[in-house]
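Please take these sequences and the hints and turn them into a complete structure.
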Amino acid sequence: MAVTMKSAATSPPSAAIRGWGWLGAAAAAHLYLMLMLMLGLGTCAFVPMLFGLTGSVVQSGSMAPLIEPGDVTLSTSFSAEEATPMGRVITFEAPAGSARPGLVLHRIVAIDDDGQVVTAGDANAHPDSTGLSRSDIVGRAVVLVPLIGLPSLWLTTGQIVPLGIWILLTLAALAVESRSLLSARRRHRAFRSRGVRTGAAATSLLVAVITAGAVIGPASLGQNAAAFSTQTSSVGSSWRYPAAAPAVRLVFTSNPSALSTGGVAFATQPVIEFRDASGRRTTTGGAVTLELATPNGAVLSCATNPLTAEQGRAAFTGCSIDKIGLYTLTARSGSLSAAVSTSVSISTGPATRLQFTTAPSSTAVAATAFAVQPRVTVTDAGGNAVTTNTAPVTLALTNPSGATLTCASNPRTTSLGVATFSGCNINRTGTYTLIATSGTLAASTSASIVVTPGAAARVVFLVSPSSSSTGGIFSTQPIVAVQDSSGNTVTTSTAAITLSVTGTPGGTTLTCAVNPTSASSGTATFSSCSINKKGTYTLTARSGTLTTGSSSTFTVG
Numbered sequence: 061m062a063v064t065m066k067s068a069a070t071s072p073p074s075a076a077i078r079g080w081g082w083l084g085a086a087a088a089a090h091l092y093l094m095l096m097l098m099l100g101l102g103t104c105a106f107v108p109m110l111f112g113l114t115g116s117v118v119q120s121g122s123m124a125p126l127i128e129p130g131d132v133t134l135s136t137s138f139s140a141e142e143a144t145p146m147g148r149v150i151t152f153e154a155p156a157g158s159a160r161p162g163l164v165l166h167r168i169v170a171i172d173d174d175g176q177v178v179t180a181g182d183a184n185a186h187p188d189s190t191g192l193s194r195s196d197i198v199g200r201a202v203v204l205v206p207l208i209g210l211p212s213l214w215l216t217t218g219q220i221v222p223l224g225i226w227i228l229l230t231l232a233a234l235a236v237e238s239r240s241l242l243s244a245r246r247r248h249r250a251f252r253s254r255g256v257r258t259g260a261a262a263t264s265l266l267v268a269v270i271t272a273g274a275v276i277g278p279a280s281l282g283q284n285a286a287a288f289s290t291q292t293s294s295v296g297s298s299w300r301y302p303a304a305a306p307a308v309r310l311v312f313t314s315n316p317s318a319l320s321t322g323g324v325a326f327a328t329q330p331v332i333e334f335r336d337a338s339g340r341r342t343t344t345g346g347a348v349t350l351e352l353a354t355p356n357g358a359v360l361s362c363a364t365n366p367l368t369a370e371q372g373r374a375a376f377t378g379c380s381i382d383k384i385g386l387y388t389l390t391a392r393s394g395s396l397s398a399a400v401s402t403s404v405s406i407s408t409g410p411a412t413r414l415q416f417t418t419a420p421s422s423t424a425v426a427a428t429a430f431a432v433q434p435r436v437t438v439t440d441a442g443g444n445a446v447t448t449n450t451a452p453v454t455l456a457l458t459n460p461s462g463a464t465l466t467c468a469s470n471p472r473t474t475s476l477g478v479a480t481f482s483g484c485n486i487n488r489t490g491t492y493t494l495i496a497t498s499g500t501l502a503a504s505t506s507a508s509i510v511v512t513p514g515a516a517a518r519v520v521f522l523v524s525p526s527s528s529s530t531g532g533i534f535s536t537q538p539i540v541a542v543q544d545s546s547g548n549t550v551t552t553s554t555a556a557i558t559l560s561v562t563g564t565p566g567g568t569t570l571t572c573a574v575n576p577t578s579a580s581s582g583t584a585t586f587s588s589c590s591i592n593k594k595g596t597y598t599l600t601a602r603s604g605t606l607t608t609g610s611s612s613t614f615t616v617g
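In this text, residue positions in the sequence shown follow the numbering used here: the first is 61, and each later residue adds one.
In short, the hints are calculated from the structure, not lab data.
All values reported here derive from a predicted model rather than from experimental measurement.
Please note that a few of the clues may not be correct.
Quick list of simulated restraints, FRET-style, between CB atoms [claimed, not checked]:
| hint | residue 1 | residue 2 | range |
| --- | --- | --- | --- |
| 1 | Ile220 | Ala363 | 50 to 60 angstroms |
| 2 | Ala318 | Gln176 | 37 to 47 angstroms |
| 3 | Val359 | Ala143 | 40 to 50 angstroms |
| 4 | Gly346 | Ser482 | 51 to 61 angstroms |
| 5 | Leu476 | Met146 | 56 to 66 angstroms |
| 6 | Asn592 | Thr551 | 47 to 57 angstroms |
| 7 | Thr136 | Val359 | 25 to 35 angstroms |
| 8 | Ala358 | Ser338 | 49 to 59 angstroms |
| 9 | Glu370 | Leu476 | 40 to 50 angstroms |
| 10 | Gly483 | Thr605 | 21 to 31 angstroms |
| 11 | Gly218 | Val400 | 42 to 52 angstroms |
| 12 | Glu351 | Ala305 | 23 to 33 angstroms |
Idealized CB from N, CA, C, for every residue including glycine.
Below is the structure:
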């Protein structure tokens, strides 16, 4: 007994240190192997079987920092009858043409105007480019197990170095665990032969279990790819998407086309979103109004403006600017911070129509050139002059009613896209409009022109007397008008008109109730006129210096 105590007392301190070191290593190896066993097999095999879940190993970082490559996600199935899980992480098949086929793990962030589900990675600055229908959703993620799928990820992506390090670490842990079992056998001599067999069998079984649980198990799961776009900035930090905060500003997520032509809808139409203070799109909004920051006489036209946002997004359509120039659009909504678009340059487009840039005089005298002569411009859809056009332009009356339009030159060839007419007049009184045409270009109609008669120049029989018996009153009495040189009755004239008879026999007398008779509104209507002898006659009408008029021939029987 004394020897034994002396031996214990005289044992070197290094042996005790090695003993404690080995104990710590054995405990760490045991804990590591137990965690690998529980997490690997528990997550990848038993938990999904017990609860009907499906597991996947995350392959990319588009859901960072919440979900990292190598994490394992467990998802429950999703039926079409369920409500859309807004803000939740879902799995779905990657759309055709994606860089990486298979399942995608992203978050639902909105429902677009077409009812499509909009998804995005938490670490992606923009939503996914392809919308989903509800039937495309495979499952809804409910459990996240960090890091357990790393060996599988390294294996499937060919990352040999970290995989080799992990294998060496696992083998070292297994070796420590095996040596611990052998040491235990020596301390239990009563079970020596059985302990050796048990230790060897336990070591082999543990090697197989750990390898299956940590490599084969996760590798048998699906793989979640993550990205339609590259990793940029993190906007997610929780398993459930953060509650939407109130909108504080507007943002142009789609700017109008940088180049366009006058009056033609932008190839790319503006889209405005409501954003909260952290830059996330909100699901609520209001009416958004678009306007030109510096119109300078230009007009912005859209199919609908203001436009009420849906799900925090206002997508405008049919927007165009008519006049050439450089512009920016401003989006406003109540007290929110306004958004300003990038610049839009409007240039002249192809010739599409004609436009009276100078209308003829609104009033004119018959057969007298308009005081203001018409100018017609060839324009694009926005009303900008197409200065390269040299097509001839023709003027005509839209409602001639026997009137004639006369110009010095008609048609008129354009110069720098403008046709300048001269000497244009209309010979008949009335109200008219002019129409300008040129090939297939859209025609243009002028404002109304009121044509009044010119100065009195002559008297004219509007109605000649009829034949009658001797001394009998003409059954048709003569009517005489005061006219201008174009034959328009001068309605303002009240001149006195005298009738006289010419013809045979001599000594014939013309008798009327009133002769001369004063015109009323330019017309003198005679009454009770007769001739006292039979014969063939004509009547002559006179009024001062006006050119005389003669009636048609008639007979008295």
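Each hint tested on the structure:
Range check, isoleucine 220 to alanine 363: about 58 angstroms between beta-carbon atoms, so the 50 to 60 angstroms window is met. The given range of 37 to 47 angstroms is broken by alanine 318 and glutamine 176, whose C-beta atoms sit roughly 28 angstroms from each other. The hinted range of 40 to 50 angstroms is satisfied by valine 359 and alanine 143, whose Cβ atoms lie roughly 45 angstroms apart. Remark: the range hint 51 to 61 angstroms for glycine 346 to serine 482 is upheld by a beta-carbon distance near 56 angstroms.
Against the hinted window of 56 to 66 angstroms, the Cβ-Cβ separation of leucine 476 and methionine 146 comes to about 59 angstroms, which satisfies the hint. At about 35 angstroms, the CB distance of asparagine 592 to threonine 551 disagrees with the hint of 47 to 57 angstroms. Separation of threonine 136 from valine 359 is about 55 angstroms and departs from the stated range, judged on CB atoms against 25 to 35 angstroms. Look at alanine 358 against serine 338: about 36 angstroms separates their beta carbons, and that is not inside 49 to 59 angstroms.
A beta carbon spacing of about 47 angstroms between glutamate 370 and leucine 476 agrees with the range 40 to 50 angstroms that was offered as a hint. In this structure the hint that glycine 483 and threonine 605 lie 21 to 31 angstroms apart at CB holds, the actual value being about 29 angstroms. For glycine 218 and valine 400, the Cβ-Cβ distance of about 48 angstroms falls inside the hinted range of 42 to 52 angstroms, so the restraint holds. Distance hint check for glutamate 351 and alanine 305: the Cβ-Cβ separation is about 27 angstroms, which falls inside the suggested range of 23 to 33 angstroms.
In summary, the structure is inconsistent with hints 2, 6, 7, 8 from the numbered list given earlier, while agreeing with the others.
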